[in-house]
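Protein sequences appear in the order of chains L and B.
Using my numbering, read the first sequence as starting at 48 and increasing by one per residue.
Using my numbering, read the second sequence as starting at 48 and increasing by one per residue.
Be aware that one or more of the hints could be misleading.
Chain copies aren't distinguished; within one or between two, either way the pair holds.
Derived BS3-like pairs (lysine-lysine); straight-line CA-CA distance at most 25 angstroms [said to hold, decoys possible]: (1) 87 x 122; (2) 257 x 122; (3) 184 x 87; (4) 87 x 235; (5) 235 x 122; (6) 50 x 87; (7) 184 x 86; (8) 235 x 184; (9) 169 x 122; (10) 122 x 50; (11) 169 x 257.
In case anyone wonders, no lab produced these hints; they're calculated from the structure.
Number of protein chains: 2
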Amino acid sequence: MMKLHGAMISPNVRKAIIGFNIKGVEFEANNIVPGPDLKKPEYLAINPLGLIPALQDGDLTVGDSNIILQYLDEKYPEHPLMPEDPRDRAECRWIAEYAGSALFPLCFVVFRQNFVGPNFFKEPTDQALVDETVNEKLPPVLDYLEARTPDIGFLFGADLTIADISVLAMLITAAYGSYSVDGTRWPKLAAFVSRGLEHPAVAQALQAEKQMVEMIRAAGQN
Amino acid sequence: MMKLHGAMISPNVRKAIIGFNIKGVEFEANNIVPGPDLKKPEYLAINPLGLIPALQDGDLTVGDSNIILQYLDEKYPEHPLMPEDPRDRAECRWIAEYAGSALFPLCFVVFRQNFVGPNFFKEPTDQALVDETVNEKLPPVLDYLEARTPDIGFLFGADLTIADISVLAMLITAAYGSYSVDGTRWPKLAAFVSRGLEHPAVAQALQAEKQMVEMIRAAGQN
């Protein structure tokens with residue numbers, strides 16, 4: 048059985064889990080949490096970048112959520128995670144990359160400042176940072192995505208691709224920090240997120256991480 | 048004709064150029080240089096991450112050298128840039144990613160401190176930074192690559208893949224900063240680099256960037 052390393056509440060690990068769910072393939076989870084454990088020699092032997100997720104399949108070991116998703120897609124061709132046309136494939140990879148580079152750090156700020164920080168680390172929210180993130184930095188990123196979101200279905204047709212999974216996984220992280228896409232300003236993207244959350248593979252991933260989310264929330268009550 | 052944005056002396060632009068050379072496809076070059084120009088609205092409309100390279104093919108516009116190489120590979124299947132087996136493909140993408148994340152910043156330090164800084168910007172070399180980069184940070188990265196380098200041919204067979212192109216492009220950047228892989232410590236990798244530099248597509252890329260390199264060297268004489 049393949050082994051997936053990384054805390055399932057991490058957006059990049061969530062991406063891989065959604066991929067496994069779409070393919071209907073079971074995996075063994077090693078719920079390693081970001082922090083000093085990722086810089087230990089044991090983990091650096093798995094992913095020398097010290098990042099999550101990483102996937103082990105026999106003697107193959109790779110990191111990077113987009114690479115893991117493409118590996119799953121090429122190993123299990125049913126329920127494709129990539130469009131077929133070369134142009135669409137390039138744009139699909141690019142949106143996945145853009146979500147990781149532009150959307151991820153902003154969603155993580157909201158997640159950290161509004162959710163994990165106050166609840167788990169008992170740190171006050173840096174409201175100025177949250178305001179700047181939500182009011183100045185996120186809007187152009189959402190504008191870019193809105194322009195690429197269709198009225199129906201997903202970004203490249205009827206089912207989820209690595210681009211959809213990437214965008215959704217990041218916005219779920221922001222949602223834990225009480226941020227949701229404003230449907231009056233980004234109507235297509237907001238509707239896309241609603242459709243995405245209802246997708247069985249996404250719903251299944253959210254169900255699996257619920258316990259960890261509740262644990263963090265409960266820490267805030269103490 | 049496709050348009051490639053980015054200074055050809057940048058390692059990530061070099062990667063795309065080597066891909067074009069392997070495919071035997073012509074392109075129009077927009078030699079935009081890293082710096083403030085990448086943050087202007089005109090360029091952000093091409094690549095919202097403000098990074099080079101970016102590729103325009105009609106109404107398709109994508110960034111990221113690995114995505115550009117895979118697009119070229121899927122648009123022009125002859126002279127493949129990817130292995131066939133799903134496991135090899137995953138590892139190929141991963142080594143390309145690793146070269147970009149782990150090798151690139153270190154090679155860039157050497158390039159900047161030993162070549163562009165003193166020659167073009169007339170800034171003294173930060174020798175402590177160079178020593179730390181060369182003596183402490185590069186060795187584990189080269190160890191990782193050495194363990195994956197075969198005695199003959201390239202990383203996944205007889206011809207260059209996106210992984211080979213990524214590793215070579217970064218080490219060429221370091222070579223401008225007078226750094227070369229020590230063949231007594233990393234014999235397979237050093238021999239691989241020698242073979243790579245002799246590859247016609249790589250030699251052609253180096254020839255094309257020669258003028259820019261000489262211009263920077265000449266600036267150092269004034």
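### Task
List in ascending order the numbers of the hints, as given earlier, that are violated by the structure.
Hints 1, 2, 4, 5 and 9 not satisfied by this model.
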